[in-house]
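Novice: What follows is each chain in one-letter form.
2 protein chains.
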Amino acid sequence: MDITKFSIPEIIFGRGALKYAGLCAKRLGAEKPMVVSDPGLREAGWVSRLFDVLAGEGMEWCYFEDVVSNPRDFQVAHGALFYAQHQADVIIALGGGSPMDAAKGIAVVVGNGGSIHDYEGANRIHRPLPPMVFLPSTAGSGSDISQFAIITDTRRRLKMTIVSRTLVPNISIIDPNILTTKPRHLVLAAAVDALAHAIESYVSIIASPFTELQSLKAIEMISIYLPLAAREPSLEILEALSIASTAAGMAFSNASLGADHALAHSLGGTFDILHGEVHSVLLPAVMRYNLEAALPKMAQIGRILTGKNIRHERKAAEAGIQSLENLFASLEMKHRLRDVVPDASHLPELCRMAASDACLLTNPRSATWMDLLKICEEVW
Amino acid sequence: MDITKFSIPEIIFGRGALKYAGLCAKRLGAEKPMVVSDPGLREAGWVSRLFDVLAGEGMEWCYFEDVVSNPRDFQVAHGALFYAQHQADVIIALGGGSPMDAAKGIAVVVGNGGSIHDYEGANRIHRPLPPMVFLPSTAGSGSDISQFAIITDTRRRLKMTIVSRTLVPNISIIDPNILTTKPRHLVLAAAVDALAHAIESYVSIIASPFTELQSLKAIEMISIYLPLAAREPSLEILEALSIASTAAGMAFSNASLGADHALAHSLGGTFDILHGEVHSVLLPAVMRYNLEAALPKMAQIGRILTGKNIRHERKAAEAGIQSLENLFASLEMKHRLRDVVPDASHLPELCRMAASDACLLTNPRSATWMDLLKICEEVW
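Those protein sequence lines, which keep their order, are chains R and H.
Numbering-wise, numbering that gives the first Met the number 0 puts 10 at position 11 of the first sequence, and it's gapless, one number per residue.
Numbering-wise, numbering that gives the first Met the number 0 puts 119 at position 120 of the second sequence, and it's gapless, one number per residue.
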């Protein structure tokens with residue numbers, strides 16, 4: 000086995016864990032943390048709940064919410080300026096993937112200077128970041144666990160993938176209560192994103208026994224709890240999806256992803272698509288493309304997704320993909336690319352960008368931009 | 000689900016990973032690390048290999064090897080003095096549980112002052128420790144992963160259990176090559192210790208989905224690779240046992256242990272027994288004691304240990320214990336307490352000490368010192 004690395008944050012998990020946010024920030028030296036969140040969470044009351052916790056620890060704070068879905072490079076620059084102006088010391092992010100990734104981008108620029116574009120790709124961050132405490136509000140992005148940050152480059156209209164061990168937050172506080180105010184379609188989209196993390200990390204060429212264990216756990220749990228969440232996202236179900244998303248985060252942070260995410264980043268950067276909504280289109284198609292290159296693992300995924308102990312590897316793998324397509328159809332999720340992307344004429348350019356995304360490096364089957372285009376055309 | 004915590008070090012795993020020790024220490028600010036190891040590893044050549052790596056990074060170091068099996072309180076005090084005299088900055092431990100636990104004890108006293116006895120129990124360390132890079136030489140103790148340190152109190156003749164999140168090393172470098180020079184009986188004893196960690200953490204009353212996953216993985220792998228290691232501890236098998244031991248370490252560090260370890264600490268402190276050798280006697284007896292209190296989980300353990308899908312819970316659980324006893328017998332491990340402890344007259348006192356060990360708090364069935372005595376008498 001090659002030398003492998005496994006790095007995750009300290010995790011505090013459970014209903015009501017939000018109350019530890021102040022103590023955790025303090026433990027990391029906070030006197031005036033910068034809170035990064037978004038208007039939706041403020042309106043749902045979670046931002047003021049967090050402020051109460053910080054006040055309870057006798058702390059001051061500054062608050063930044065100039066963040067949109069698919070956070071932009073200029074928002075990161077604004078945030079870094081804001082951090083400096085307010086002489087903040089620790090970054091607390093409360094939100095889904097967007098506020099969390101924006102917070103990571105801000106931390107990079109605060110600690111390393113320059114512009115966030117300077118750090119695109121793997122292992123290009125060389126100086127330490129301010130301490131980070133993250134509170135996810137969705138069970139999906141895994142940004143609270145991972146060494147990934149995805150920031151939209153507004154000039155090139157693509158999502159930059161930034162990967163560095165220093166992007167793993169110090170502490171992840173996962174409180175399933177925070178998920179209860181999310182609309183159902185966002186809960187489902189996030190769970191599908193987590194499922195894509197689990198599947199892509201499992202078949203990644205740098206998967207290790209440490210990540211494979213987490214990937215399989217996440218695939219199993221999401222295949223059980225995603226349909227239940229579609230009916231009624233109770234706190235029990237949101238808790239289970241949070242466990243699964245955390246496991247998937249541990250896996251993909253350390254094993255990386257594949258062609259589905261490479262394409263999703265390229266599509267998302269150009270068309271400002273909800274990230275969790277493209278996987279129902281792309282993931283089964285990418286799994287078909289990868290099938291022969293990772294047959295025993297694809298068969299294992301198939302056995303979990305179907306709940307059947309199908310011996311024949313190819314049959315198990317194919318049944319798994321079919322089962323996934325049936326699941327997405329039953330949830331009325333998008334299943335053709337034309338439902339997501341307004342115009343097919345951009346596809347060649349999108350696939351060229353996807354071909355240089357860091358996630359493609361670990362896909363089990365190599366893919367040129369033309370291979371990616373063929374995948375996209377098949378699901379158009 | 001109650002609020003749960005999951006904290007592990009950054010892990011670098013694989014053959015030859017030793018070469019990263021210098022870089023890792025440097026990343027934590029080392030200019031002059033203190034290396035803690037033991038004469039056995041020095042004689043096997045691993046200490047000088049480590050020095051070569053540090054020299055390759057242009058580092059100075061100081062070296063401490065006044066450590067025995069079941070490390071003593073006074074050795075910790077000597078080590079802390081040594082650290083201060085040499086103005087060391089980072090602690091690098093290379094060894095089995097004993098050098099690693101001694102290194103943790105030294106780090107506690109260096110960072111917090113006083114004597115190591117002041118920190119016995121859970122969460123009594125309040126100031127930061129010097130950074131720690133650990134390189135385990137056995138697949139068993141899990142000290143390179145865990146928030147536990149076990150130090151012998153020479154006056155009271157018992158092992159103190161010290162538990163604190165700050166005892167998790169910053170970086171664990173797990174290089175299975177280092178295990179190749181260990182005698183076979185130590186490899187096996189360490190694997191049985193890891194199996195006890197996995198089983199006790201799985202049935203712990205504070206087990207979480209994060210720890211349960213790791214416990215089950217470790218039980219499965221050790222049940223496969225322990226018998227193979229007894230025949231021929233090849234590098235492949237040592238690597239597999241290292242993965243299992245790391246998984247068990249992640250589990251017990253966060254879910255703690257039970258009555259088997261409480262008794263093992265008390266016995267080991269009084270009679271200076273090789274820690275890994277008492278579990279073959281105590282673990283099956285403690286599992287029988289716990290059977291009804293954790294029946295579904297004990298059944299799951301039984302299914303893994305027997306490799307049979309036994310539906311009936313009690314039968315599965317009992318078959319598992321029997322299978323474990325058969326395994327230990329086939330490996331010619333100790334199976335009566337009189338083979339380990341020289342004199343039964345000490346048992347009441349030993350059990351009284353075990354009853355106040357921190358590990359007993361998470362045993363699935365509560366136990367008084369008299370319950371523990373009954374367990375010991377059954378296996379005398």
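Errors might be hidden in some of the hints.
With a cut-off of at most 30 Å between alpha-carbon atoms, the simulated DSS-like pairs for lysine-lysine come out as follows [to be verified]: (1) LYS4/R with LYS18/H; (2) LYS31/H with LYS4/H; (3) LYS18/R with LYS25/H; (4) LYS307/H with LYS307/R; (5) LYS307/H with LYS4/R; (6) LYS373/R with LYS314/R; (7) LYS333/R with LYS373/R.
If you are wondering where the hints come from, they were derived from the structure by calculation, not from laboratory data.
Novice: Hints first: check each against the structure and report whether it holds.
Specialist: Each hint tested on the structure:
1. Proximity of LYS4/R to LYS18/H is assessed by CA-CA distance (about 14 Å); at most 30 Å being required, the pair is judged to hold.
2. For the hint pairing LYS31/H with LYS4/H, the CA-to-CA distance comes to about 33 Å; that exceeds 30 Å, so the pair is violated.
3. Annotation: proposed proximity of LYS18/R to LYS25/H is violated, straight-line Cα distance about 35 Å (limit 30 Å).
4. For the hint pairing LYS307/H with LYS307/R, the CA-to-CA distance comes to about 18 Å; that is within 30 Å, so the pair holds.
5. For the hint pairing LYS307/H with LYS4/R, the CA-to-CA distance comes to about 34 Å; that exceeds 30 Å, so the pair is violated.
6. The straight-line distance between the Cα atoms of LYS373/R and LYS314/R is roughly 23 Å, inside the 30 Å bound, and the hint therefore holds.
7. Pair hint LYS333/R plus LYS373/R holds up; C-alpha atoms about 19 Å apart against a cutoff of 30 Å.
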